[in-house]
Amino acid sequence: MEKIILETKVPSGPVSEKWKKYCETSKPINPANKRKYHVIVVGTGLAGASAAASLGELGYNVSSFCFQDSPRRAHSIAAQGGINAAKNYKNDGDNVWRLFCDTIKGGDFRAREANVYRLAELSVRIIDHCVAQGVPFAREYGGLLDNRSFGGSLVSRTFYARGQTGQQLLLGAYSSLNRQINKGTVKNYSRMEFQDLIVIDGVVKGVIMRDLVSGEFAVFTGDAVVLATGGYSAAFYLSTNAVGCNVSATYRAYKKGALFANPCFTQIHPTCIPQSGHHQSKLTLMSESLRNDGRVWVPKEKDMRSPNEIPETERDYYLERKYPSYGNLAPRDIASRAAKQVCDDNRGVGPGGKGVYLDFENAINRLGKDVISARYGNLFEMYEKITGENPYETPMRIYPAMHYSMGGLWVNYELMSNLPGLFVIGEANFSDHGANRLGASALMQTLADGYFILPNTISSYLNTVKPGDLQDTDSCIFPMVEEVRTPVRRLMSCRGNTSPNVLHSQLGRILWEYCGMSRNEAGLLKALTEIKQLKEDFWKLVRVPHYNNTSFNQVLEKAIRVVDFMDFSELLCLDALERKESCGGHFREEYQTEDGEAKRNDEDFCHVAAWKYNAEDKPTRIQEELVFEHVPLTTRSYK
Amino acid sequence: MNKETRNYKILLWREPHGKVFFKGEMHGAFVTENISGISPDMSFLEMLDILNDRILSRNDHPVCFESDCREGICGACSLVINGVAHGRQTGTTTCQLHMRSFKSGSTIVVEPFRARSFPVIRDLVVDRSALDRIMQAGGYISVNVGSAPDAHSILVDKKSADQAFEAAACIGCGACVAMCKNSSAMLFVGAKISQLSKLPQGQPERYERVKRMVEQMQVEGFGGCSNTMACEAVCPKGITTKVISELNWEFLKMTLKS
Numbered sequence: 118m119e120k121i122i123l124e125t126k127v128p129s130g131p132v133s134e135k136w137k138k139y140c141e142t143s144k145p146i147n148p149a150n151k152r153k154y155h156v157i158v159v160g161t162g163l164a165g166a167s168a169a170a171s172l173g174e175l176g177y178n179v180s181s182f183c184f185q186d187s188p189r190r191a192h193s194i195a196a197q198g199g200i201n202a203a204k205n206y207k208n209d210g211d212n213v214w215r216l217f218c219d220t221i222k223g224g225d226f227r228a229r230e231a232n233v234y235r236l237a238e239l240s241v242r243i244i245d246h247c248v249a250q251g252v253p254f255a256r257e258y259g260g261l262l263d264n265r266s267f268g269g270s271l272v273s274r275t276f277y278a279r280g281q282t283g284q285q286l287l288l289g290a291y292s293s294l295n296r297q298i299n300k301g302t303v304k305n306y307s308r309m310e311f312q313d314l315i316v317i318d319g320v321v322k323g324v325i326m327r328d329l330v331s332g333e334f335a336v337f338t339g340d341a342v343v344l345a346t347g348g349y350s351a352a353f354y355l356s357t358n359a360v361g362c363n364v365s366a367t368y369r370a371y372k373k374g375a376l377f378a379n380p381c382f383t384q385i386h387p388t389c390i391p392q393s394g395h396h397q398s399k400l401t402l403m404s405e406s407l408r409n410d411g412r413v414w415v416p417k418e419k420d421m422r423s424p425n426e427i428p429e430t431e432r433d434y435y436l437e438r439k440y441p442s443y444g445n446l447a448p449r450d451i452a453s454r455a456a457k458q459v460c461d462d463n464r465g466v467g468p469g470g471k472g473v474y475l476d477f478e479n480a481i482n483r484l485g486k487d488v489i490s491a492r493y494g495n496l497f498e499m500y501e502k503i504t505g506e507n508p509y510e511t512p513m514r515i516y517p518a519m520h521y522s523m524g525g526l527w528v529n530y531e532l533m534s535n536l537p538g539l540f541v542i543g544e545a546n547f548s549d550h551g552a553n554r555l556g557a558s559a560l561m562q563t564l565a566d567g568y569f570i571l572p573n574t575i576s577s578y579l580n581t582v583k584p585g586d587l588q589d590t591d592s593c594i595f596p597m598v599e600e601v602r603t604p605v606r607r608l609m610s611c612r613g614n615t616s617p618n619v620l621h622s623q624l625g626r627i628l629w630e631y632c633g634m635s636r637n638e639a640g641l642l643k644a645l646t647e648i649k650q651l652k653e654d655f656w657k658l659v660r661v662p663h664y665n666n667t668s669f670n671q672v673l674e675k676a677i678r679v680v681d682f683m684d685f686s687e688l689l690c691l692d693a694l695e696r697k698e699s700c701g702g703h704f705r706e707e708y709q710t711e712d713g714e715a716k717r718n719d720e721d722f723c724h725v726a727a728w729k730y731n732a733e734d735k736p737t738r739i740q741e742e743l744v745f746e747h748v749p750l751t752t753r754s755y756k
Numbered sequence: 080m081n082k083e084t085r086n087y088k089i090l091l092w093r094e095p096h097g098k099v100f101f102k103g104e105m106h107g108a109f110v111t112e113n114i115s116g117i118s119p120d121m122s123f124l125e126m127l128d129i130l131n132d133r134i135l136s137r138n139d140h141p142v143c144f145e146s147d148c149r150e151g152i153c154g155a156c157s158l159v160i161n162g163v164a165h166g167r168q169t170g171t172t173t174c175q176l177h178m179r180s181f182k183s184g185s186t187i188v189v190e191p192f193r194a195r196s197f198p199v200i201r202d203l204v205v206d207r208s209a210l211d212r213i214m215q216a217g218g219y220i221s222v223n224v225g226s227a228p229d230a231h232s233i234l235v236d237k238k239s240a241d242q243a244f245e246a247a248a249c250i251g252c253g254a255c256v257a258m259c260k261n262s263s264a265m266l267f268v269g270a271k272i273s274q275l276s277k278l279p280q281g282q283p284e285r286y287e288r289v290k291r292m293v294e295q296m297q298v299e300g301f302g303g304c305s306n307t308m309a310c311e312a313v314c315p316k317g318i319t320t321k322v323i324s325e326l327n328w329e330f331l332k333m334t335l336k337s
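For the record, the sequence lines run as chains A and B. Heads up, the first sequence is in this note's numbering, so the first residue is 118 and it goes up one at a time. Heads up, the second sequence is in this note's numbering, so the first residue is 80 and it goes up one at a time.
Calculated from the structure, these hints are not laboratory results. Just so you know, these numbers come straight off a predicted model, no measurement behind them. Treat the hints loosely; a few may be bogus.
Stated by the list, open to error - Okay, derived cross-link-like pairs now, DSSO-like style, lysine-lysine, Cα gap no bigger than 30 angstroms in a straight line:
#1 B:182 with A:471
#2 A:486 with B:321
#3 A:675 with B:290
#4 B:88 with A:300
#5 A:419 with B:332
#6 B:237 with A:207
#7 A:735 with A:373
#8 A:373 with A:583
Stated by the list, open to error - Sample of chain B residues with no beta-carbon within 12 angstroms of chain A, all distances over it, derived:
#9 109
#10 144
#11 187
#12 193
#13 230
#14 317
#15 330
A virtual CB, placed ideally from N, CA and C, is assigned to each residue, including glycine.
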């Protein structure tokens, strides 16, 4: 078997000089030649829109794609809390080094140091750029930008726009994208879904897309392909992701030879609205910023009284008790597990005992209702719309839910996968968050990738290729299109009576049960068996309607995505099974300390596990060893 | 968990299936569906999901409708419910409507967003790309990556920042267009004009922007303001017709200046 050596391409030298050195030594492309290079960007969220806009500004010929009806609807829009930047505007001792250390530590030492340092370094420029674009961040009376605190950090470095930071940042990136569309450097295709990569002699040369309106397949050849297609949390069916989010692009790239890194690193967000019944199609996040002012508690013993009737002495503020220094601002993985523990102790609140209180009574008494309303008004309204309860009067009920995926396609320092010509940015890659992402870091990473990193690194690759050496009509592409058409035909011929949605929810239940907040070997093996069974049943049970042709067919779209979710879920469970340690969001019950905290195994698992697809055989696990030169490997403690 | 279940009669707008499909052609009709066993905690779209699963299992064609984030921020969901875009609950998108606000046994009428500039794709799905093209015409500040000064070098007083934010909250759903009897997009355009004209960063292109966006709005076939304020009544993000006054004022100033 061929041996793959993962070349990270991290420049030598001290960590703080690496990016500078990279930029100084990279070779730019002659401006007159740039427009000859066709770059394909799939996805128009924060990463995709910012990358497409920046590449357009540089003069490349860019095509961008989204499956939604407009680039502005990508799910980055739903990010609530904020974006981190080491500006130190609060004079509280923040700096790039501290943000770097917080992120490495927050990720439980499973991220690449050089990438994380670069992220921290670029964070300050992101804020500058977004302000210049007209993003209406929260401001103080003096006209300066305001900050707030977020989990996993002791300084106040989060910039925000009420509870709609993702929306405002995405509309900023979308406006830059629009400017380039107007200039003709970017051509955007909406309602187009990625189907496959075109790989010629091991080099990525384009994409096959499916036009969701006509149902036809379309070929786009290019000199580089950028996947900014987001994470795979929707594999769990119930998650905070949008109902359209899917793993198809990254999974199909994996099937074409790209390595999938650390799929088991999934993040469960501690503050979501608890599930109300089996009908539910998604879970709604309540921003982590609420933990700035809200206090998390459950009754000391099972108690059916309404929360306002439970006296102070009978409440257990368990985060404050267990983690006195971080308290309610403990990182997400820790807060989620703590919530699970109290509910497993039968002290949970609300229907089914799956919930804990997030209480604002103290904050409202201290600061007044107006201040709380200015900070979180829209979140409180959203909560009330969904649950019918008023959080100004009774505490919110929250429960952890599947939220974010730290794993993704493996990339080197240049954000290129092991397949030449395939770049992966934003949540779709694996690189910066290790085993757990800190709050307000996702927006930072997507925009660092799209605005600053990719536009600099892509030229190193493009310099090595001749522009436009493959035409859309090249005969070698026809069999590739046939290859993606076959499973679609098979789906259309299925004669069951179950919607793919229902089958997806069954997959989600398996994953949440055995590969959710805590995992063990027996459970993961069981999950693998059950997924295999579900995959067989799927083809017997599923039904896709016919409209005489393949045109606009939402059930078919969903069915195609569910097929990829099922295949991917096997990889997810396999990775969780092989990583015999607990770290960050990946908690293996066999590996825990006496007081129930995650127990890392740095001796055997201080590496990235990158999986290589092997058709019918088990995928190969390839390791990228992680070296921590600057932040010494220590046990995380938020106590 | 609420154990109560409810029943509804739903009048759904359907584009007839089985025909070869042409984008934008309207030859639909209402089809009646009865649905039972609905929990009041369900969202409106979850009720439609269940309806679709049932339609599919009787070997029929599920109704097409759009949604994505299902938390009221992406603007993908549309639907005119009982004659009102996003339903009668104010300040709410369709995906945030819950069945607890619909009486059991009642009839619910579901239609697409109707406007000449929003051709129907199928059933309840319409093409709102005209709104994108208006934004492409000028809804931005021209700044290249890498050229921005330090964020604190641009001071914005809190009042202007808050007002800009309120206008920027637009989710581009198009409910304002669907409810206006002139199918006017002036609330949508006004929101962007208001946001950018309030910020110091937006000043250099202020008049060019309003000119280009209004021109594109007319090219797309959106009508003029009907002065009925129906747009404000249905805007899920509470954007007020004040932004239309501002749009008119900015447009007037542009005309006088040129």
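The hints, checked one at a time:
1. B:182 with A:471: Since the Cα atoms of residue 182 of chain B and residue 471 of chain A sit roughly 29 angstroms apart, the hinted pair holds (cutoff 30 angstroms).
2. A:486 with B:321: holds, 27 angstroms
3. A:675 with B:290: Since the Cα atoms of residue 675 of chain A and residue 290 of chain B sit roughly 42 angstroms apart, the hinted pair is violated (cutoff 30 angstroms).
4. B:88 with A:300: violated, 50 angstroms
5. A:419 with B:332: violated, 66 angstroms
6. B:237 with A:207: Holds, because 18 angstroms separates the two Cα atoms, which is no more than 30 angstroms.
7. A:735 with A:373: Within the cut-off at roughly 15 angstroms; holds.
8. A:373 with A:583: holds, 22 angstroms
9. 109: holds, 20 angstroms
10. 144: Violated, since 8 angstroms does not exceed 12 angstroms.
11. 187: At roughly 17 angstroms from the nearest Cβ of chain A, residue 187 of chain B sits farther out than 12 angstroms, so the non-interface label holds.
12. 193: holds, 16 angstroms
13. 230: violated, 4 angstroms
14. 317: Violated, because the least Cβ-Cβ distance between residue 317 of chain B and chain A comes to about 10 angstroms, which does not exceed 12 angstroms.
15. 330: holds, 19 angstroms
When the structure is compared with the earlier hints, violations turn up for hints 3, 4, 5, 10, 13 and 14 and for no others.
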